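Colleague: Letter by letter, the chains look like this.
2 protein chains.
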Amino acid sequence: MFKVLKKSKKSKARLTRLITGHGAIAGPFFMPIATKAAVKNLTAQEVKDLGAEIILSNTFHLFLAPGSKLIKKAGGLHKFMKWNGPILTDSGGFQVFSLSKIRKIDEQGVIFSDPVGGSRHLITPEISIQTQKDLGIDIAMAFDEVIGFPATKEKVKAAMERTTRWATRCQKTRGNAKSPLLFGIVQGGVYKDLRIKSAKDLVQLGFDGYAVGGVAVGEPREKMKQILAWTIPLLPEDKPRYLMGLGRPEEIVAAVKEGIDMFDCVIPTREARHGRLYLANSKQLTVNSSRFYKTINITNSKYKTDLSPINQTNLKQYTKAYLHHLFKTNEPLGMRLATLNNLEFYLGLMSEIRQAIKKGIL
Amino acid sequence: MFKVLKKSKKSKARLTRLITGHGAIAGPFFMPIATKAAVKNLTAQEVKDLGAEIILSNTFHLFLAPGSKLIKKAGGLHKFMKWNGPILTDSGGFQVFSLSKIRKIDEQGVIFSDPVGGSRHLITPEISIQTQKDLGIDIAMAFDEVIGFPATKEKVKAAMERTTRWATRCQKTRGNAKSPLLFGIVQGGVYKDLRIKSAKDLVQLGFDGYAVGGVAVGEPREKMKQILAWTIPLLPEDKPRYLMGLGRPEEIVAAVKEGIDMFDCVIPTREARHGRLYLANSKQLTVNSSRFYKTINITNSKYKTDLSPINQTNLKQYTKAYLHHLFKTNEPLGMRLATLNNLEFYLGLMSEIRQAIKKGIL
Chain A
-19 MFKVLKKSKK SKARLTRLIT GHGAIAGPFF MPIATKAAVK NLTAQEVKDL GAEIILSNTF
41 HLFLAPGSKL IKKAGGLHKF MKWNGPILTD SGGFQVFSLS KIRKIDEQGV IFSDPVGGSR
101 HLITPEISIQ TQKDLGIDIA MAFDEVIGFP ATKEKVKAAM ERTTRWATRC QKTRGNAKSP
161 LLFGIVQGGV YKDLRIKSAK DLVQLGFDGY AVGGVAVGEP REKMKQILAW TIPLLPEDKP
221 RYLMGLGRPE EIVAAVKEGI DMFDCVIPTR EARHGRLYLA NSKQLTVNSS RFYKTINITN
281 SKYKTDLSPI NQTNLKQYTK AYLHHLFKTN EPLGMRLATL NNLEFYLGLM SEIRQAIKKG
341 IL
Chain V
-19 MFKVLKKSKK SKARLTRLIT GHGAIAGPFF MPIATKAAVK NLTAQEVKDL GAEIILSNTF
41 HLFLAPGSKL IKKAGGLHKF MKWNGPILTD SGGFQVFSLS KIRKIDEQGV IFSDPVGGSR
101 HLITPEISIQ TQKDLGIDIA MAFDEVIGFP ATKEKVKAAM ERTTRWATRC QKTRGNAKSP
161 LLFGIVQGGV YKDLRIKSAK DLVQLGFDGY AVGGVAVGEP REKMKQILAW TIPLLPEDKP
221 RYLMGLGRPE EIVAAVKEGI DMFDCVIPTR EARHGRLYLA NSKQLTVNSS RFYKTINITN
281 SKYKTDLSPI NQTNLKQYTK AYLHHLFKTN EPLGMRLATL NNLEFYLGLM SEIRQAIKKG
341 IL
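Chains A and V, in that order, are what the protein sequence lines are. In this text, residue positions in the first sequence follow the working numbering: the first is -19, and each later residue adds one. In this text, residue positions in the second sequence follow the working numbering: the first is -19, and each later residue adds one.
Intra- or inter-copy, both count: the list cannot distinguish identical chains.
Cut-off 25 Å, straight-line C-alpha distance, at most; resulting in silico cross-link-like pairs (BS3-like, lysine-lysine):
1) Lys62 <-> Lys284
2) Lys339 <-> Lys(-11)
3) Lys49 <-> Lys284
4) Lys339 <-> Lys(-8)
5) Lys28 <-> Lys296
6) Lys62 <-> Lys28
7) Lys(-13) <-> Lys338
8) Lys180 <-> Lys205
9) Lys205 <-> Lys172
10) Lys53 <-> Lys284
11) Lys180 <-> Lys237
12) Lys53 <-> Lys296
13) Lys203 <-> Lys137
14) Lys296 <-> Lys49
15) Lys52 <-> Lys308
16) Lys308 <-> Lys49
17) Lys296 <-> Lys52
18) Lys81 <-> Lys308
19) Lys137 <-> Lys172
Rather than coming from a laboratory, the hints here were simulated on the basis of the structure. Remember, predicted model here, so these are calculated numbers, not experimental data.
So here's chain A without its partners, still in its complex pose (with noise of 0.2 Å):
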């Protein structure tokens, strides 16, 4: 189910392959996010087209509409949004934090309220894991109680603590059926301890994979590098790692350099909405360079009569003069193009980290 191919010998960046009941993955690798049961602005086929072997979408936005008794109906959610690919759902953990009013949490789970039409609702490690399992995904996140930063150690302890527990009934849930795969999430906030003794127990439980979560919640960015440090040592080789949520390019490098094989982020579709483009800095990118990208917005007007191509690849038809009026002019046309501008250029760069470390150079 999970091999790793190489490791390197200049860090830990590891060239992994990753075996789902929908296909085959190689990694380190990113997935498009599909929150809804689509990629925003594109069809399941483009995505795949674009090079992703795997997508993310939400356990709490689908549970919320349409309903994940009704993507059962339809077959799944592969049949449902046309990717047949594999698909990695998030448990809700963290959209339960970020998203909507916490009305209460306890032992058994958290009462929220749909952020779209107020609704009550609730949400367990069951539920959570039986929604992911009607939904016929590849890859099932525990069910995760998420503190933002700062918080108090006894805070982050508690939630950790819960987070091990409800992974325990989490593992319940999924029984032995092999699909889908079961992924625990180590938290612990930005406490050493707390990270070492959450990833040990998560371990000790043992699941298909592992991700390290409660990060993106407002921490300083060089707490990661720490995190990673302190957590990493402590999962087996034998199976993958999964940094939840990010990040920037250069994060992304900065991760795989300490063992992580697996990511998501919502940069390189919701910075497209903005006219925020990802493009690089010479014809084949150089990921051990500090500069290997650039970002430019295209709503600046000194694009306004820039008749150079927006990239030398998938959109390299168009100039970004034309790509600058659609974005002025409101175009649906040109959030589509920006998204398909920024996805190859995440999925490229995951394309040159993994040669890279067949290389023999990261």
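Starting from the structure of chain A, add chain V where the hints point.
Modeller: Okay, now just chain V, sitting in the frame of chain A:
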């Protein structure tokens, strides 16, 4: 440049072929609308793949943004938006009337304000045609004065006569170049004698094609048939005839039977963005039937659990429930899929119309 390949014995319908600098178009045909150098939500390639042979863009909008000078510098509108088939541009006459606050209209032209930024601009017949020449398009429309309904006969007459005088100035600006083709626009409101006078005067001047304008400006729908019946017999057999801005499928069929060869309308693309889908009532469109199609609004709650395919053609892989979900959760892919459905329907309708004329049943 233009051929009538077959004339129906059952109606005035004609099977035609119009040759432009960017290729030939089988008629009767429908022009998808790419107002601001993009068909909303679609790439030019997708529009081509749907079977469109020509698109329509708007001088008014492109004059304001990004400006015809930039598009000329970019190598013309075809290159700018990556559509390599024929393009017709409306002259701006209708949009000055429908979209902007007119500051002053006199024999020279129209001073109007940009509906977005409010800045003042002048469009004259000369400026309109020169702009269209700069865009490098294939069919230019004469700059006309459009009057709403109702209006006094005196006002309609004055605008019609001015439209004819302006048409002469448009011809002068076009000069002897073979491209763009220049079409005159018959005005005259709902008044028989004015329509007849307008048509006769324009035919006297001699254009590459003739449009029936000043329709869909608020007049009763039953007036349309009368206007066509007065006008079309006066237009030369060997020139294309274009009914501007219409219409619903049954209106298009009716106008084809009156001898119209060319159509454009925002209905398929605009209504798609509101979730209204045009669907054939049977596998094979039978355009002689009055109930050959239906419309549904995909946002209606009854489609929430409808797992039947959106249509039997280009979207058969997606369910209505999925499209409902995309609309309800504001996923931009929803508008895109609905647009693909509706344009395919309209272009398919035109194909069925051509087949029906060929078979002698329309």
